[in-house]
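Next come the chains, spelled out residue by residue.
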Amino acid sequence: MNIDSIRNGIVIDHIKAGQGMEIYQLLNLEALDCSIALIKNASSGKIGKKDIIKIDADFELDLDVLGYINPDITINVIKDGQRVRKFHPELPERLTNVIRCKNPRCITSVEQEIDHIFKLTDRENRVYRCIYCESKAKGENI
Amino acid sequence: MRSLIDIVDLSIEEINDLIDTANDIIENPDKYSEKCQKKKLATLFFEPSTRTRLSFEAAMMELGGNVLGFSAASNSSAAKGESVSDTIRTVCCYADIIAMRHPKEGAPMIASMHSTVPIINAGDGGHNHPTQTLTDLLTIQREKGRFDSLTVGLCGDLKFGRTVHSLIHALSRYENIHFVLISPEELKLPGYIINDILDKKGVSYTVTTSLEKVMPTLDILYMTRVQRERFFNEADYIRLKDSYILNKEKLTTAKTDLCIMHPLPRVNEISVDVDDDPRACYFKQVLYGKFIRMALILKLLEVE
Ligand SMILES: [Zn+2]
Chain A
1 MNIDSIRNGI VIDHIKAGQG MEIYQLLNLE ALDCSIALIK NASSGKIGKK
51 DIIKIDADFE LDLDVLGYIN PDITINVIKD GQRVRKFHPE LPERLTNVIR
101 CKNPRCITSV EQEIDHIFKL TDRENRVYRC IYCESKAKGE NI
Chain B
1 MRSLIDIVDL SIEEINDLID TANDIIENPD KYSEKCQKKK LATLFFEPST
51 RTRLSFEAAM MELGGNVLGF SAASNSSAAK GESVSDTIRT VCCYADIIAM
101 RHPKEGAPMI ASMHSTVPII NAGDGGHNHP TQTLTDLLTI QREKGRFDSL
151 TVGLCGDLKF GRTVHSLIHA LSRYENIHFV LISPEELKLP GYIINDILDK
201 KGVSYTVTTS LEKVMPTLDI LYMTRVQRER FFNEADYIRL KDSYILNKEK
251 LTTAKTDLCI MHPLPRVNEI SVDVDDDPRA CYFKQVLYGK FIRMALILKL
301 LEVE
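Sequence lines, in order, name chains A and B. The first sequence begins at 1 in full-length UniProt numbering and counts up by one. The second sequence begins at 1 in full-length UniProt numbering and counts up by one.
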């Protein structure tokens, strides 16, 4: 595909350089049949370097994933070659099965088939904690 | 139907209610001896803890109820790979209320999501142990008559000691509490508890490595065990361990109405020559633990 001209689809823009792959994986984009472009290290006046993902299909985005990674990301919805909507994802209150708890002492490490749920406990610092063991989602376990 | 998973699930009013009930049970035990007739408590101990299990079972028996359950995973279905949620769905068919201990953090919460009867968290790994905290609160209320305007010394392993963390959480909700955090450098209270609880709520605290220095200021002294395995090397452990052992001599400068507490079991952090001291409250604490669990069972079963 011509990565500059999507007819119907989504352009995820202003991804912090280096996070494009993580988003690609978390959104499970490899399961899609349509053409997808992951552009890394594009130059951007706004944030220096950025990643961009272009999806050439009308695709139901998991906005929680994007909001969790970075609510400053821009989502452009393209219809008939025109941008019809541009918005930022919101910081989600709850994440269900987006990330997994890494605390080896957590019940999620042994109990099969339970949802991995994280709750936003500190909006200012974007801290998410596992609802079961209260470990922080990023960095070290508490 | 309600469960008790974390001490912060309870409001101050609910804690006061439980303490009122426990006090009434202590005063009028006969009034309560048949309150839970024909009710069954299941004690599901996926990890052994004889002390806690006996306390729950004694509590239910004194309410006239019955007890069933298992201890340790080795001879139970959980050892055969059954999930917590399946075990709970089964036990709900037999019991009216469940006390559950599990080595994994968050297991009782999973249980409460699948249960049709109230779940009491009887300890989930190093995470929560709300009935220990209720026990500590009842002890403080019985011995000091109040929860506000207290200088509370917490001594020993403040880094890993979950009972200490929950007690700080619970007492921070009251007015004019001053914590004195007494521990070796290696076992200081974690930063997130200082930031998220003490600093955020504006609770005053002092950090020290010397028990002797602060002894005269304390209204309550909560001792915990300093475990050998928490230290990087044996030399540090040997150098430090005696500083955090309470004995008769160290008590000479303490207030006459000091209340000495310990979650038990102790190893050697309180020397036996303290046991006869009227300020030693740790065995009374065990007794209070049974009464507060009785109050909790009544509340969760909604028995009038
Ligand atoms: Zn967890």
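It should be emphasised that the hints constitute simulated quantities derived from the structure, not laboratory data. Beta carbons: idealized from backbone N, C-alpha and C, even for Gly. One thing to keep in mind: the hints can contain errors.
Pairwise CB distance ranges (calculated) [what the hints assert, rightly or not]: (1) A:R85 <-> B:V207: 36 to 42 Å; (2) B:V267 <-> A:P104: 25 to 31 Å; (3) B:E186 <-> A:A37: 51 to 57 Å; (4) B:Y192 <-> A:D80: 47 to 53 Å; (5) A:K119 <-> B:R173: 51 to 57 Å; (6) B:M61 <-> A:K119: 37 to 43 Å.
**Request:** Find the hints from earlier in the document that the structure breaks and name them by number, from lowest to highest.
**Result:** Violated: hints 1 and 5.
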